[in-house]
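Novice: Sequence:
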Amino acid sequence: MTIPQTFKQAVFRSAGTSLVIEEVPLTPPGPNEILVKVEACGVCFSDVYAQNNVMGGGFPIVPGHEIIGHVAAIGDNVSGWTVGDRIGGGWHGGHDDAEYCLLNPEAAVRVPSHVPAAKYAPILCAGVSVFNAIRQMNVPVGETVAIQGLGGLGHLAIQYANRMGYRVVAISRDATKEKFVRELGAHECIDSGKEEDIGVALQEKLGGASLVVSTAPTAEVISPLLKGLGILGKLLILSVPGELPIDTVTMLKYGLSVQVWPSGHATDSEDAIAFTELHEINCMVEEFPLEKANEAFEAMLKGSVRFRAVITME
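Residue numbering for the sequence shown follows the UniProt record's numbering, starting at 1 and increasing by one per position.
Keep in mind the hints are simulated off the structure, nothing from the lab. Relax, there's no trap hidden among the hints.
The calculated label-pair distances, taken between Cβ atoms and stated as ranges, are:
| # | residue 1 | residue 2 | range |
| --- | --- | --- | --- |
| 1 | N104 | Q203 | 40 to 48 Å |
| 2 | L244 | P140 | 20 to 28 Å |
| 3 | E220 | V249 | 15 to 23 Å |
Pairs of lysine-lysine residues, derived as DSS-like cross-links and limited to a Cα-Cα distance of at most 25 Å, are as follows:
| # | residue 1 | residue 2 |
| --- | --- | --- |
| 4 | K205 | K179 |
| 5 | K205 | K253 |
| 6 | K205 | K194 |
| 7 | K177 | K194 |
| 8 | K253 | K234 |
| 9 | K177 | K302 |
Just so it is clear, CB atoms sit at the ideal spot from N, CA and C, and this is done for glycine as well.
Full structure from sequences and hints, please.
Specialist: Right, dumping it as structure tokens:
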């Protein structure tokens, strides 16, 4: 594989600013590094943290942590990979809104050669986040699982929960989406915009859920969901709402729990990709060229993208 002397990347130069497309020198991988020629990189709300240096590291910073590409070169002490292999990287291999990026071998994900990069890149974060978290909750097959939110994570969570054998309830503010969420795999739908208390509605209409998965990053939406759980039910939070008021009396009375789950490591991502392909999960994406990275970022922030923005490289 021919490696160029320079490559393009999208970078935040300072806090709160827009992305800048710049051309920079391409250096070979060092020890324990894999150089990846990127095909596609998903855009995630977590990229806002990079934009504002929430996780540290300073500026300039290249966002992005959902990539699929090919191995372009391998540094010393790297085994198990060869040039040309299909490869992916998730949370532990960031700085990927670029034509080339470096991955640590521990963060490298094996990706089948035949899957489309743009549709599978978001599985490295959005997909594995919901897939891995739901399976780790150990909810028996046939139980009720409610999915709150219909976005990048929510539209995947409905499909994963359905294929895992659960009775799936979709919770969304828009009643016009009922036909669509049923096509995704929801068995029941609750319009949160018409319900005074979504937790009470879930309890009274459907008998409560063994698991409620929250994908919306607002505390006022999440807290009422606790009342929608059945005995020993679990509220799984996959967003970042900040401070969250919780009714511990209700938790004690019914043995409820509130849980979160990290996205997952490389093996989890490989499991998510395999499950996605086997069960024909449809990750719905809109593609943007690298030169339009800001448009992709803004579409993600506005929630206008259906349902995951992906930056594709030439």
